[in-house]
Amino acid sequence: MAEEQQLFKITIDGITIEVPQGTTVLNAARMIGKEVAPPAMCYYSKLEGSGGKCRTCLVEVAAGSTKDPRPMPKLVASCRTVVMDGMIVKNKTSERVIDARNGIVEYLLINHPLDCPICDQAGECHLQDLGYDHGLAGTRYEFKRRTFVREDIGPYVQLHMTRCILCYRCVYVADQLTDHRVHGILDRGDHSDISTYVSKAIDNDFSGNMIDVCPVGALTDRTYRFKNRVWFLKPMDAHRDCDKCCGKVTLWNRGDEVYRVTARKDPWGEVQEIDGKTAWICNTCRFEKKKASDWTIEGPTKIDRHSVISANHYAEKVQPPDPLNKVLFGRKPLLLMDIHEVSKVNTPDIDLSKIPGPATSTTFIDRDEAKDIEQAEAERLLINDHKELP
Amino acid sequence: MSVQFSKEKLDRVNELISRYPEGKQKSALLPVLHLAQQEFGGWLDVSTMDYVASLLKIQSIEVYEVASFYSMYNLKPVGKYVFEVCQTGPCMLNGSDQIISYIKERLNINVGETTADGLFTLKTVECLGACGYAPMMQLGKIYKENLTKEKVDQIIEECTAIAAANN
Amino acid sequence: MTKKLLLDKVHVEGIRNFDVYRREGGYQSVEKALKMQQDDIVEEVKKSGLRGRGGAGFPTGLKWSFLAKPEGLSRYLVCNADESEPGTFKDRYLMELIPHLLIEGMIVSSYALGSTTSYIYIRGEYDWVSDILDKAIDEAKQNGFLGKNILGSGFDCEIYTHRGAGAYICGEETALLESLEGKRGLPRIKPPFPAVKGVWDCPTVVNNVETIAAVVPIINDGGEAYSKIGVGRSTGTKLISACGNINKPGVYEIDMTISVEEFIYSDEYCGGIPNGKRLKACIPGGSSVPILPANLLLKTAKGETRMMNYESLSDGGFATGSMMGSGGFIVLDEDQCVVRHTLTLARFYHHESCGQCSPCREGTGWMEKVFQKIENGKGEMKDIDLLWDIQRRIEGNTICPLGDAAAWPVAAAIRHFRDEFEWHINNREECLIRNYGLAHYADPLEAVVS
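Protein chains in written order, with this note's numbering: chain A, 24 to 413; chain B, 116 to 282; chain C, 66 to 515.
Bear in mind the hints are in silico, worked out from the structure with no lab data behind them.
It is possible that part of the hints are untrue.
As the list claims (entries may be wrong) - Calculated pairs, EDC-like style, for lysine to aspartate or glutamate (alpha carbon to alpha carbon, straight line, at most 20 Å): (1) B:K172 / A:D202; (2) B:K139 / C:D266; (3) A:K349 / A:E41; (4) C:K434 / C:D400; (5) B:K139 / B:D160; (6) A:K223 / B:D160; (7) C:K206 / B:E130.
What the hints assert, rightly or not - Chain A is faced by these chain C residues, among others (derived, beta-carbon under 7 Å): (8) K206; (9) I254; (10) S418; (11) C419; (12) G420; (13) Q421; (14) R426; (15) G428; (16) R458; (17) G461; (18) N462.
Beta carbons are placed, not taken as given, at the ideal position from N, Cα and C, and that holds for glycine.
Let the hints inform the model, and build the full structure from the sequences given.
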């Protein structure tokens, strides 16, 4: 018999879940869902060693474990803190956490250019999301912001250091995905700079993944630069046979045109795992296959309904799971009162669930009558229009 | 490769590497960079850093990252004599501000600049651990402590004299 | 007069040389220790009550007992000689004048911990001190105290110096280990702690110079004898480096039973304040610990005489107390400006922030800029609250203690000297040409507390 993996119980914001030993608090929270998951700007579950730096995922540990239920004195980085059995964690329910997180967002933004209107990352930028959730309406910073000159690091990637929040993810990508790293973090403190130092091109087959992991618009796709806005594009899952990578991508189309190609992302904005492997994609797939005919289209990508990318794309929006089932543990809801039993007024002739779209004033009258009403309305409008003419 | 250590210095590099466990030769990076800076003109050129990378069998970027992190490595040419004057708390209490402005006036340069003859560079630095002997500055390998205007004059004269004698 | 355990022989002529040091009783602790069981040495250190002298004051014996001992992995002792805290220069003094004391302590500690290769990570600027240590190591080796089979005990040990290259952050133990590995000095995220996973992923103990030197008298005289010196949990002697506006700046070994007032004014120690000026404020334990105005420095809020030891200096918490820290004792006289002084510290921490985590990277720079604004006569009242807010959100939220170290001096300056900040803001032109002066900072405490 296989040894049973030990499960640890953890309660986050009042919701308890059992997770395998060794799971981090952040990942446990992600297992519960978006409602309790702390934001993460530097942690990237697919990049070993990442995390701990941005401090946005700080949480309060109200009880360390069943064995030692003392609270931890300091807030801890949930991405690097391992779950102990019986741990009680407060994320959104902790005022300390919210206060610290507000502060960290403020720090991240004091030197950020806030050039979202002209930034290619806008709409899928984690800093933007964080700013909405925790940022101030204005800024208390009244000094000159740190700026850098834009730099092309090779034919495909542009480095816009001014926007960088120094999450180090791109450094881990270069370390873990490419055979040798040519860029890194230079200098120190708040003048740290991501660079190749000698303006070398980064010409590795997998260097494009740096764009996907970048939480902000510091590393952008030169082949897509200023071409469009993500919310105008329709993401489609597609694949091709590729000898370098898994070939499973998301195409970002407008009409028939492929504007850009990215790896497929999971709900946390990370590159998806497909068949047990992180589906990083190669530069050929990303930058050179920009024709729809290069790809086998699988269908529209599922996008979170809250995402700006979902705006106007109704086809495949992900509906939230019905919570009723969950809270009632499978029991059928017990209706306190059936409206039709107490009132005969509104007994409908039409099954509302069968009509397309929301019910309107014309839903309950027959087709011919509806037409008459429409016509009368049109004539009324016409007369009004004429009346207004000089 | 435009730079090359002498045989003697290469032996020194190998001795430094041997201080660390097998395969951990990168640990010798800081001391080897010190040696390189001392040997190749007081600063670290890209070719020097690439050379150090090849000696330690690591990527060049690993050397750039480290060299730019630590304040003692100069990534730009400096004068023959670098005055690194401490300006942190305890030195400030004992008049380091006045010493810095005096040096500026004497050498007619600003902080971060080098005199036209390439002899002196003035830098301000943060605490060098000589707080009890403030104000102070580092000049190459040694500390010049309990500075006064007269002492600064004397140091400048000495340096100028040595440089003249060596030319 | 304090019995000196570390600096007793400092002024013996030629003490830097092995022969003189040996003649004066040096290296006896190595002879004694090598005949002891390793665990017994750890036990002696525990008994002594020795606390880390680098600033945190963590019990050394306990730290040693945490060292993991897995099969097949080397263990390392690394001496933290990256002394960079403004106001602190005690380690340099010790290494420069009596280098063999450190080497002796290193050998005993290495044996106790089972480290056959130990390193002294010394700050890069202490170039000549590093040469002095190298020479001492060579001499010890020539005399059979280092190398293979030391004194026929079967214990092998090598000690190497490793020079840093200018980075305060490398005084943080995990940043120090990164730097020792030839990397940027970025503090690691803990756990794992160095005792489990230190340099090159091996179990490692990092100790301050003074801590390791203190192991010598502990082994020579026994842990119990050591623990009887001092008071309460402040056992043994402590090196204090005194600087700022005092008549006799320098390094003093004290036994932690003297009062702060005695330390400042007695001729044995600082010798008072030059030119008959009055004491305004003091940072008693290195730049990162809270600054105290004269009245709170000399007496605790309870009205007791403040003593030079861990407990008394921190009496009252951060509200009315400070910390022993690294023993960097910085004195400000009545003419000094607390705003300007704190500005230099804010600039220092901004300069030294490694940039890895966001609160410290961005917050330290921001604080320095606000300080510059106030100091340059452009301050507004809201800037004081802003400074308070910035430091408050750095403290405790960073990877390593540098964030706290940057926040505390600012917090304490505002807490105790708020009216001096306000004066700067209300007198924008005047503050450029003169200082606020002593004001009420030396007034009797009773008036302040009530």
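Quiz prompt | Status of the hint placing C:S418 at chain A (closest C-beta pair under 7 Å) | solution = Because about 4 Å separates C:S418 from the closest Cβ in chain A, which is inside the 7 Å limit, the hint holds.
Exercise. Compare the distance between the alpha carbons of C:K206 and B:E130 with 20 Å, and conclude whether the hinted pair is satisfied.
Key: Since the Cα atoms of C:K206 and B:E130 sit roughly 16 Å apart, the hinted pair holds (cutoff 20 Å).
Quiz item: Any CB of chain A closer than 7 Å to the CB of C:I254?
Solution: 4 Å, holds
Practice problem: May I ask you to test the interface hint for C:Q421 with respect to chain A, counting a Cβ-Cβ separation under 7 Å as satisfied? | Solution: 5 Å, holds
Practice problem: Would you check the hint for B:K139 and B:D160, treating anything up to 20 Å between C-alpha atoms as holding? | Solution: 24 Å, violated
Quiz item: Taking the closest Cβ pair, is C:G461 under 7 Å from chain A?
Solution: This interface hint holds because 5 Å falls under the 7 Å limit.
Quiz item: Close enough to count: is the Cβ of C:R426 nearer than 7 Å to one in chain A?
Solution: 5 Å, holds
Quiz prompt | Hinted pair C:K434 and C:D400, Cα distance within 20 Å | solution = 24 Å, violated
Quiz prompt | Restraint satisfaction for C:C419 [CB to CB of chain A, less than 7 Å] | solution = Since chain A brings a Cβ to about 6 Å from C:C419, closer than 7 Å, the hint holds.
Quiz item: Do the alpha carbons of B:K172 and A:D202 lie within 20 Å of each other, as the hint requires?
Solution: 15 Å, holds
Practice problem: Could you check if C:G428 really has its C-beta closer than 7 Å to a C-beta on chain A? | Solution: With Cβ-Cβ at 6 Å, under 7 Å, it holds.
Quiz prompt | Per-residue hint verdict: C:G420, partner chain A, C-beta under 7 Å | solution = 4 Å, holds
Violated hints, listed in ascending order, are 4, 5 and 8; each of the other numbered hints is respected by the structure.
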